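Could you build the full structure based on these sequences and the hints that come with them?
Here is how the chains run, residue by residue.
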Amino acid sequence: MLGHDVPGLPDAARLRDALALDAPLSPETAQALEAFLGDYPLGTGHDVLLDSEGRLRPHWRGLLEALASLGEAGLAERSDEVQRLLYENGVTFNVHDDARGRLRTWRVDPLPLAIDPATWRELEAGLTQRSRLLDALFADLYGPRRLIDEGVLPPELIFEHPGFLLACDRGGELAGEPAGTPSGLIFHGIDLVLDTEGRWRVIADRVQAPSGAGYALENRIILARAMPNLYREAPLRRLAGFLEAEHRTLASLSPLHRDQPHVVLLTPGPDNDSYFEHAYLANYMNLPLVESLDLVVRDERVWMRTLGGLKPVDVILRRLEDAWCDPLELRGDSLIGVPGLVQAARSGGIALSNPLGVSVLEHPGLAPYLPALCQRLLGEPLALASPESWWCGDPASLETVLAEFDALVVRGIEPGARLVEVSSLSRDQAQALRRAVIARPTRYVAQRPIMPATAPVYDDAEHRLHPAPFNLRAFVTREPGERDGDWDYRAMPGGLAWVGSPGTPSLASEVVKDVWVLAEKPQPHVSLLRQAAGPIVVTRDGVDLPSRVADSLFWLGRYGERLDVRARLLREALLRLLEQDQQEYADISLADLFEALTLKWPAAAAAERRFGDLRATLLTLLEDDQPAGLPACFQPMLRNCRAVRDHLGDDAWRVLNHLRRHINALSPVPSASAGRRACEEVVTQLSAFFGLCNETMPHHFGWRFMDIGRFIERVLHTLELLQLALIEAREPGVALWEVVLATTDNVTAYRRRYRSELHPTAILDLLLFDEGNPRSVGYMLKRLCRQIERLPQSEASGTPYRRREQRLILQASSTLQLADIDMLSHVHESAEAREALAALFEALLEPLEKLSDAIAHSHFSHVEAPRQLIRMQVQP
Amino acid sequence: MIYRLRHTTRYTYSAPVTLCHNEARMLPRELPWQRCEDSQVDIDPRPAVRSERSDFFGNRVMYFAIQDIHSSLEVTVRTRLETLSRPPLPTVMAGDWQDCRDALARAAERRCLQARQFRLDSPFIRRHPRLAGYAAPSFPAGRSLLDAVIDLNRRIHEDFTYDATFTTLATPLMDVLDERRGVCQDFAHLAIGCLRSQGLAARYVSGYLETLPPPGQARLVGADASHAWLAVFLPGWGWLEIDPTNGSVPGEQHIVVGWGRDYADVPPLNGVMSGGGEHTLDVAVDVIPDDETSRRTA
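Line by line, the protein sequences are chains A and B.
Here my numbering is used: the first residue of the first sequence is 1, the next is one more, and so on.
Here my numbering is used: the first residue of the second sequence is 877, the next is one more, and so on.
Since the hints were made in silico from the structure, they are not lab data.
Just so we're clear, the structure is a prediction, and the values are computed from it rather than from any experiment.
All residues carry an ideal CB built from backbone N, CA and C; glycine is no exception.
Any given hint could turn out to be false.
[Unchecked claim] Covered, in the sense of this in silico footprint (three residues per stretch, anywhere, with C-beta under 8 Å from a C-beta of chain A), are these stretches of chain B:
no.	stretch
1	895–901
2	925–931
3	985–998
4	1079–1091
5	1140–1152
[Claimed, not checked] Which residues of chain B face chain A? A few of them, derived with a C-beta cut under 10 Å, are:
no.	residue
6	L949
7	R1003
8	G1136
9	A1160
10	I1164
This is the structure we're talking about:
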């Protein structure tokens, strides 16, 4: 028999025996498994992989064999591949104290958390019961509040919680409510911990903006891509159906029952922790991703501001927390809300998932009341228990809590409050907490700490499995039934698991796991992406484009091009500097290049220090805090990219991530030549990025705005460079003309065409007039002209007159076309020609500098932040 | 008494407003001792949307939205209503104020359960030992709750100076306590804070008070203002109104618009707008006894 060893000691041979019980393993697999599990400790409590006698639980066997068959090297390679995919797909979340766009990412364990079918059936029943329970509680709390009148819930428990929103009370209106309007809990995240007895315990409910379903999906897709054999064969429940169900539910919520309801996903914006997931889900479910400024309430309905005017919105999938949603009736200091939203929801003009007011369901003080509530509301015993806990507002509970204070975990009732383990506090801190609880008992909850079970985690440094405590977030959604108005709850067969002690926030964890719910028999492999397209058809990129998105794409283009120009100029400057050093002659163009880069020419220094000073000055442009530097140029580009995350292709996003990593690693640079190479890499990556955008983005309005942004920036820079080289340079001449050609990457074109020494006339021809040269001003104006012509007509259209931006681009084009080329060609010898050329540059720059504002004025809505008529003090 | 009530609020903006959403709590609520005829509401410019509902506390709320560009907003509510005398004060209170406090905390009776939310903190009012301390002399052991409340009402009236220049909407309660001055809203908040800090339930009442012109002088039109007082819950009896600004117990001259936990629940006009720049506010309130209007027109 097995299991007589001293607990805690590894016993590889025993494991091998255990595995061999049913069917023999190949010697290689057995060996790999042994290496894998060799020192997996036993006896520290419940473990999901091994039972108390050290035997492998049967449902893990297939998974482990499959992983072991990859071999140590193979698995390490797959693990790296998973990380690479995560990184490239931009599965990142924001960390607030890092404003420079350095996003954290987590590690996805190649070993999923496996749950056997029987365990899942039980868990699933408990999860859906919990959703039914909270839904019934929600209906009562914002309706008749019988639970309070009957004394089931103490009034202080509910009214003291900041999530109980008086504005969402429906008590007075239930009579007039249209029949069949669903207003309850739609989507529910449930945080679970497996305790050391092997029981699942619910530690938190997430209903306001439950994140994680998108991450779960992305983890699954990435692992399946990295380990295709494993996933294709696995008897594994698939996730696609769940989000499809959610999608159908959203569509069914449409208050006006339109055939093609307009559903949007409302995000707080790119600064939110879970913005990646918002963008990811929006894409997956084919919903426009909107921020509050994209929405406006008129006529008690919600409308989206698009390029083509206001478009009605029927359903909002909300990732914005309750309190911030409406500055009129909820938190008045919210700048990210939609004024009038509560009234629109109240009058039936919009449906929200979840409805406003649900945050009271996240109240940790409800836990001790749930068994009684479940009996009272559903007539069933509560299936999934919470850890033993007490709401201190109840006098008897307070007494218990104070008696056992040091052994408990204490937290405030407000959303996001930290769990404080009293035993981890100093005496003074513990006393202070105790006094705070006694002073305001209704504001505190205490619970007995949970001893967590462990799950195997792959250690990518040691190539071994180690047991670690973990949390699991499961998801439940409503699913429409066969008949109209019918619905039921359905749990996602999977979820997001993360390593950490009970209650560790998912975003604070280093390692996350896919969750496998095993099926009795192999499941057909379904492609996940686009499975859920569902019944909704939305034109994504026509005039339905939110004006904010157009705005961001435009500035993405401008900043991207600005970065490109600066990287090219810096490259040339560093190149000149290097040549100067070798040939020991001072390159006369350098001073002008410094000017173009808005750098100060270092004060005269001894000749031997001159090179070092110039190099140091130039390389500051690679530093983070240099206002004119490359990182400072990249940050606004990145910000705009992230604001339009759902409009960029995956390949473009992958390149952007490379570029981000490159930019973050720019400084310090050891040498001028390394700096030059770094600049070239920026140029290459940018060109790949915009190239992929051009190849993959539909050539609709969104793309046009990006293109216009790029070409406005490029034409302005080209003109300024020419102006500098031909008119304003301190040292005009061949050296600077070379710089102009090199910066615009036209040296080869020049040589091939003119086969001559550099000559200003030829340069002018190539860079100003030749419409066939994509780097010429002529070409750029033509392109801008065409793009601007094709922008959507605003509401005031129908007039035969040209809009301002059309007039400006026309003015620039005709100025160029009417220029006297013959006369200008004498620029290097005639003062008169020089003046004419200077005037020409001025005449071109003048309308082009106004172009950006004109486009913004015509097409981007400049929404002012809502303001309060009276300023109300807000309770902290 | 029969009154004709007129409340005009006018906002003038320095820059155009393109869209505004508003909530007005200016329609007096129906009470056993207050009968309201239909109000006449004039909003300029004309709102695109207007609807009425009752809020969590049962107050009448009028929502309206103006969707065209405008540079001023004027809301006038005219209501004719009759006030009767309120129920007489209880003559005998069972037990002392501490018994009442404990009964409230334990009671399973519906009205008590519903009153208990008014013992908690609210946006403008947080319970505080200093507030309990100020209230303490009115609450000696053994005194009846009614006597204690009436005494607190009297003391606030005597200790504090009415000073419209001192406070703003956001003056913290502790400043009011330190400086011993404020307006009706501050005194109502202060009294509520004192009562809640003693473990009692108290709510804020928003309304109007008929002010009598000095003898021999005519009433000045628009000279009245909106007024605020409070009510405290007496277990076994109900809500008792007190007016610490005047040190009185409200009667027929106190017209109730609505109530809540504090001012934040019942501002007469609240709104969110796009644009607007700076704004100026003019408010005019007339509370005119109906016999007087009939005399004037006669």
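Here is what the structure says about each hint:
Against chain A, the stretch 895–901 of chain B contributes 5 residues with a C-beta closer than 8 Å to a partner C-beta. That satisfies the three-residue criterion, and the hint holds. Counting residues of the stretch 925–931 of chain B whose CB lies closer than 8 Å to any CB of chain A gives 5, which reaches the minimum of 3, so the coverage claim holds. Coverage of the stretch 985–998 of chain B by chain A holds in this model, with 9 residues showing a Cβ closer than 8 Å to a Cβ of that chain against a need of three. Only when three residues or more bring their CB closer than 8 Å to a CB of chain A does the claim for the stretch 1079–1091 of chain B stand; here the count is 0, and the claim is violated.
With 11 residues bearing a CB less than 8 Å from a CB of chain A, the stretch 1140–1152 of chain B meets the requirement of three and the coverage assertion stands. Because the smallest distance between the Cβ of L949(B) and any Cβ of chain A comes to about 8 Å, under 10 Å, the interface hint for this residue holds. With a cut of 10 Å, the hint placing R1003(B) at the interface with chain A holds, because the nearest CB-to-CB distance is about 8 Å. Using the Cβ-Cβ criterion of 10 Å, the hint placing G1136(B) at the interface with chain A is satisfied: the shortest such distance is roughly 8 Å.
Below 10 Å, beta-carbon pairs count as interface contacts, and A1160(B) has none with chain A, the closest being about 17 Å; its hint is therefore violated. A cut of 10 Å between beta carbons decides the hint on I1164(B): the least distance to chain A is about 27 Å, and the hint is violated.
Comparing the model with each earlier hint shows violations of hints 4, 9 and 10; every other hint is respected.
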